[in-house]
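Note that the protein sequences, when read in sequence, are chains A and B. Quick note: our numbering has the first sequence finishing at residue 1168, numbered continuously throughout. Quick note: our numbering has the second sequence finishing at residue 1168, numbered continuously throughout.
Just to be clear, a hint being listed does not mean it is correct.
No distinction is drawn between identical chains; accordingly, a pair holds when it is met within one copy or between any pair of copies.
Below are the BS3-like pairs computed for lysine-lysine, each with C-alpha atoms no more than 27 Å apart in a straight line [claimed, not checked]:
(1) K980 x K1089
(2) K862 x K967
(3) K943 x K1064
(4) K1080 x K1110
(5) K967 x K1166
(6) K1089 x K1102
(7) K912 x K1166
(8) K1064 x K962
(9) K1115 x K914
(10) K1166 x K1152
Rather than coming from a laboratory, the hints here were simulated on the basis of the structure. Note that this is a predicted model, so its numbers are computed, not measured.
2 protein chains.
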Amino acid sequence: MNKISKLFQIKYPIIQAGMVWASGWRLASAVSNAGGLGLIGAGSMHPAVLRNHIKKFKKASNKPFGVNIPLFYPQLDEIISIIIEEKVPIVFTSAGSPRLWTSILKENDIKVVQVVSSVNFALKSQDAGVDAIVAEGFEAGGHNGREETTTMTLIPMVKAEIDLPIIAAGGIATGGAMLAAIALGADGVQVGSRFVASNEASSHPSFKQEVVRAVEGSTVLTLKEITPVRMLKNSFFQKINSLYQKGTDVEELKLVLGKGRAKRGMFEGDLEEGELEIGQISGLINDILPAAQIVKNLIDEYNQALRLLKRI
Amino acid sequence: MNKISKLFQIKYPIIQAGMVWASGWRLASAVSNAGGLGLIGAGSMHPAVLRNHIKKFKKASNKPFGVNIPLFYPQLDEIISIIIEEKVPIVFTSAGSPRLWTSILKENDIKVVQVVSSVNFALKSQDAGVDAIVAEGFEAGGHNGREETTTMTLIPMVKAEIDLPIIAAGGIATGGAMLAAIALGADGVQVGSRFVASNEASSHPSFKQEVVRAVEGSTVLTLKEITPVRMLKNSFFQKINSLYQKGTDVEELKLVLGKGRAKRGMFEGDLEEGELEIGQISGLINDILPAAQIVKNLIDEYNQALRLLKRI
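Please put together the full structure from these sequences, using the hints given.
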């Protein structure tokens, strides 16, 4: 049993990423029931909605699960209280300092995992006492780091500095990539884009189809002056891009971005004007599958790829 | 024997990248003699200099070797003639269309490999009749593609579309990363940054030390309006960056870039004003080693990492 399977008491070291507008109780419970670790993404949920998802998860599965919390969340106190009350066993924190909440969560017997995109932040997270690290590369969808370090380079660099279990994220949609991540030194993988294109993701069907249509080069990391985010190059991105072409500033970008773009795109299915967050690996995703099938494929492909490797 | 070892008649499927101001006959012959494939980088050589390097290689080694030619090279006709006259067995072409020279080279019994950074260009290269593809990710040093596709995502996407042998490049400085690249579907690896920090590289000793000092986040892909290039964030980069901050255009960038920046930095050792091209993985390189030791370490680490992999 590997470090990550042991830490979370799961069958396979596969974590389904917490993703805004995609990962509610339905997706998370399907993944946990299939032997991975499902995460409910709190980033797009009001506190009452999150509590509802946690309750529904518990009805759908008795397996371990977690909640992913972006630490810039406005009602963070309330979210943390709900997580403690509902005895959520595992919390993944991202986009903020692990110093703030790690000790409180751990006092309540909650395992804490911090998502980082740099070695520096991995070291800070280790100091803060987290149980594991998600090291997420430049190719990942959604919000991302400023160093632009890719999964291939980030994993061994974090591994060289950190003693904690490491979960690789960014660019992993197949068992071959899972095997690659483990060869690089990771103990498990976090998979995002592949689970967006699942039956159980709460993403809008039109967005899921757009993920299937994506090819190599369809995504871009942009809006670096605000918070870097990887998205499909749709009309909304072209609008941003034309601002960059003519010369722009943070204020103008914020104005054009406005509010609710992510919901509009990924949940309401406005492919033109919405923000469509997804990873580079969407170019390799060609179908929408049940989450349990995705977990099974990852394991089968992993074992198959392993059989093909030979000594040199 | 794997596809790449067979194609080039070498012991290990490790190619030392052709790199401006780093890879002359000394480095190439050390790598070829150690069982990999050494490439002489023609990009920084006048035709007569290249001929001299080829002749010196032949005195230093009777093993297979190649020449890397950036296809924007001004005296391309002359370079190709020299390669044919000197019976260079293998040519790697980059930064230009493979349609131009592939058939002429192949008529002269020369194996042709095209370096690409996108699936589209891999397909065009296959159509042009090349023998193999180098698929180079965003993390690689020096000139790079506009799609910013990382090694982790590019390799399986190229693999899904191309029947030719694939050589992975970008982010590979250890045997663990070599194993990862092969797990992703590559047949061999091209290693650049790690060989810059070798005794035999013709790079300036100060630049080699700077590569050793680099940490995660030390490099950046910049000058995208001209030709995207990954370099260390030194004073010269800060100058470019301040232009970007205030708003700039191609003409101004070209003016500040001027001529001979790469030579100044990497060959003459001007760490302040020179252009210091290197990959993200420089952050993991902590010593300057003999090239033969680098080849041996890659193989030892590869086999060691393979032994650690387990079925799930």
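Do the hints match the structure? See the list:
1. K980 x K1089: between (34 Å within a copy, 23 Å between copies)
2. K862 x K967: Intra 12 Å, inter 50 Å, cutoff 27 Å: intra-copy only.
3. K943 x K1064: neither (32 Å within a copy, 53 Å between copies)
4. K1080 x K1110: For K1080 and K1110, both the intra-copy (12 Å) and inter-copy (24 Å) Cα distances are at most 27 Å.
5. K967 x K1166: Between copies only: 26 Å across chains, 37 Å inside a chain, cut-off 27 Å.
6. K1089 x K1102: Close inside one copy (18 Å) and across copies (26 Å); limit 27 Å.
7. K912 x K1166: neither (46 Å within a copy, 35 Å between copies)
8. K1064 x K962: neither (36 Å within a copy, 45 Å between copies)
9. K1115 x K914: Close neither inside one copy (32 Å) nor across copies (65 Å); limit 27 Å.
10. K1166 x K1152: For K1166 and K1152, both the intra-copy (24 Å) and inter-copy (17 Å) Cα distances are at most 27 Å.
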